[in-house]
Amino acid sequence: MRLATSQVVLFILAAGAAAASRSVWDGVYSSEQSSRGQSAYNSKCARCHGEALLGGESSPALVDRDFLEKWNGKSVGALVELTRRTMPSDGPGKLSRRQCTDIIAYLLGANGFPAGKSDLVSDAAVLDEIFIQPSPKK
Amino acid sequence: MRLRAARLSTLSILLVPMAGRVFAQQGATKGEWRFYGGDAGSTKYSPLDQIGAANVKQLEIAWRWKAENFGPRPDYNWEVTPLMVGGVLYFTAGSRRDAVAVDAATGETLWMYRLDEGERGDRAVRTQNRGLAYWTDGKSDNRILLISPGFQLVALNARTGVPISSFGKDGIVELTEGLDRDVVKPGQIGSSSPAIVIRGVVVVGAALAAGSAPASKANVPGYIRGYDVRTGKRIWTFRTIPRPGELGHETWEKESWQYTGNTGAWAPLSGDEELGYVYIPVEMPTGDFYGGTHLGDNLFSDSLVCLDARTGKRVWHFQTIHHDVWDWDLSSPPILADITVEGKKIKAVAQVTKQAFTFVFDRVTGQPVWPIEERPVPQSSVPGEKTSATQPFPTKPAPFDRQGITTGDLIDFTPQLRAEAENIASRYQLGPLFLPPIVRDTGGKLGSLILPHHTGGANWPGGALDPETGILYVSSVTNPDSLALVAADPKRSDMGYVASMGGGRAGGRSADFRGGMPRFSGGEGFVRQNIGPQGLPLVKPPWGRITAIDLNSGDHVWMIANGDAPDAVKNHPAMKGIDLKNAGKPERSPLLVTKTLLFGADGPGLFNAGPGAGGRMFRAIDKKTGAIIHEFALPASTTGVPMTYLIDGKQYIVVATGARGTPAELVALAVP
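Protein chains in written order, with my numbering: chain A, 838 to 975; chain B, 9 to 680.
Rather than coming from a laboratory, the hints here were simulated on the basis of the structure. Note that this is a predicted model, so its numbers are computed, not measured. Note that beta-carbon positions come from the ideal geometry of N, C-alpha and C, so glycine has one too. Be aware that a few hints might be false.
Claimed, not checked - Pairwise CB distance ranges, derived in the manner of DEER restraints:
hint	chain 1	residue 1	chain 2	residue 2	range
1	B	Met-120	A	Lys-954	47 to 53 Å
2	A	Asp-965	B	Ser-434	36 to 42 Å
3	B	Ala-495	A	Ser-868	24 to 30 Å
4	A	Gly-953	B	Arg-122	40 to 46 Å
5	B	Lys-394	A	Ser-872	38 to 44 Å
6	A	Gly-930	B	Gly-392	54 to 60 Å
7	B	Asp-145	A	Arg-935	49 to 55 Å
8	A	Ser-868	B	Val-170	44 to 50 Å
9	B	Ser-224	A	Lys-954	32 to 38 Å
Claimed, not checked - Now the stretches of chain A that chain B is said to cover, found in silico as 3 or more residues with beta-carbon under 8 Å:
hint	stretch
10	876-883
11	889-902
12	928-940
This is chain A alone, in the form it adopts within the complex (with noise of 0.2 Å):
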């Protein structure tokens, strides 16, 4: 019994832990999510960052090499709270955490990475513990 119960410790750890390295590869966000992202990133960010994510005269690309060697490594948390903090960059501040983690979910999907059943939360804590990486495995 008192080992079935460290077991069960045990499986609930490893399971925390699990959750805890989740990376992009994991179907972090839902495609109702990044649809409702690429809404708002047409209204709000396109006119800079172009509507293929190309990135604009002074705004960098989202998608592909030179975004996702620049956030290699880094956590979807970083990239939704620098996202909040700093755009629009005429007037940052007005996007909401929700805003802003829909628009990161429609980017993680362009860049390839796929969608899961649940949408990604705004949760700042659970946010920090995705991982951005080139491919599934570690």
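For this one, chain A is given, so just place chain B on it according to the hints.
The following block gives chain B in isolation, referenced to the frame of chain A:
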């Protein structure tokens, strides 16, 4: 009356040999400011003299007008210059570009006009607004012309702000029609600059999406159109991308005229009411840094085009860059100047450019005032690209900013910074003006270093001209940046090649980050970064300047730095003990010139260059010497070109201000 005319002509004869003065082009008149640029010739000059060297130190804020609640979100970078007619200021305000009339003496709002364009407005390609156009029949019909963010032309009664029902449909003309495209989607085309009215014709330019990395080589062409100011009827269209049978069509190879777009005129326009001509500064085609999709010289891209305002017929043109792969659009209004060159009076037009040239022409004939030579330039190695073998170089005036980059340009404040700068520069291809972009990693280089780059040199604030002396004042930015291309993923773009990082900074940004470059500035938001050592500028100062050029002789008169260094540079630990007083801010100082003074400012520093490039200082400058007579801090950065007027016997200077976190407002300055 005859006597008066005779006296005047005697005076002219006396003055002409002295300084080449002819007074046809005289700036704003009657204490008003009827055009965005002061007069139709965009001189930004007023003969008012009440505020002068003796009392400028007493300038105080007379009133402030806050734009914060205009539009669904505040505007922070208000590029507006109000008009002043009959004691009323007219301007655009807020992110929805409302038209507003304000009492010029008190700042009291008289009326406002708001056009809610729904999705069309939300997706506007350009949200900046620079102002309005005015027209009067000389009697009781006075109109304000607004170009909405969604690209509709609106005529308003200047007294009431009510749309004029006999103009277009209920006061509105659809501007997305007549562009040779079946469908024009919201967010494809608009205009950030006002129209200009010459000979009763409203001439409208166009701004399109930035083309650093466009999703498609196909876009809407930015044709120039003329509309009857009374009815709104479209009278003419000037195709900046010529169709079969039109002059210049052959400069678009492989049928590229069919799909290529942009090639609009997003800068303010100029005109000459007496000649009946308009002067159009045309931008480049779709694809800022790759032209493989539209080989050829690409007329009328990057051309100064003179059109007959009544018919839209081309009178003359001059292409300043053939087949542009640098995003060196003509970005500022042409400036009309009546000058005397070697004893010959010339009605001239001067065009300042991003690559730091001043092109000067006889504005009647288009003949260059000083020879312009076609010189061989470096050629592109990018697959599918074919750059022009030669490009035009004016022999006079000399360039007003540095062109091209060598290791001799790198900062050398300390031996360590110099070594770091050399290390960074070694990763890029260096070269003269017109060095083309490379594909990233070609020959082991991250990109081509371009100086001035596409947000350097002169830009939309352009210059100001003193018509009494023929001296042109121009502000410019010295800021190199990397241009590198990557093969476009066909899923995302059919361009073939697009700018790496969008902004063309190549892998340079990440490479420099490895070299210790901070990626983001602390707390305030994302800003364009310097590519030099430790986030410092890569090249020696000055990083921003004002140059005075005598257009009668073509000679430079003086050059001053645009203030001291940006705070982020001044406060950098590596800069301790280094004198940066004349280093200049890498921002374009907006310029206003009066009978007595030249006025300039630090500039906004929002999008342009290095962290914290702008500042709050506003300056009165000695026109003859460039000496700073007085400088003082405004509540925020100057974001628009200042203007001046006289009301109730008192001269005011009005300037748009704002900064990150400080919503836009107009500030009126006067001597109490």
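Here is what the structure says about each hint:
no.	hint	in the structure
1	B:Met-120 <-> A:Lys-954: 47 to 53 Å	49 Å, holds
2	A:Asp-965 <-> B:Ser-434: 36 to 42 Å	38 Å, holds
3	B:Ala-495 <-> A:Ser-868: 24 to 30 Å	29 Å, holds
4	A:Gly-953 <-> B:Arg-122: 40 to 46 Å	43 Å, holds
5	B:Lys-394 <-> A:Ser-872: 38 to 44 Å	42 Å, holds
6	A:Gly-930 <-> B:Gly-392: 54 to 60 Å	43 Å, violated
7	B:Asp-145 <-> A:Arg-935: 49 to 55 Å	54 Å, holds
8	A:Ser-868 <-> B:Val-170: 44 to 50 Å	48 Å, holds
9	B:Ser-224 <-> A:Lys-954: 32 to 38 Å	34 Å, holds
10	876-883	holds (count 3)
11	889-902	holds (count 13)
12	928-940	holds (count 3)
Consistency with the previously given hints fails for number 6 only.
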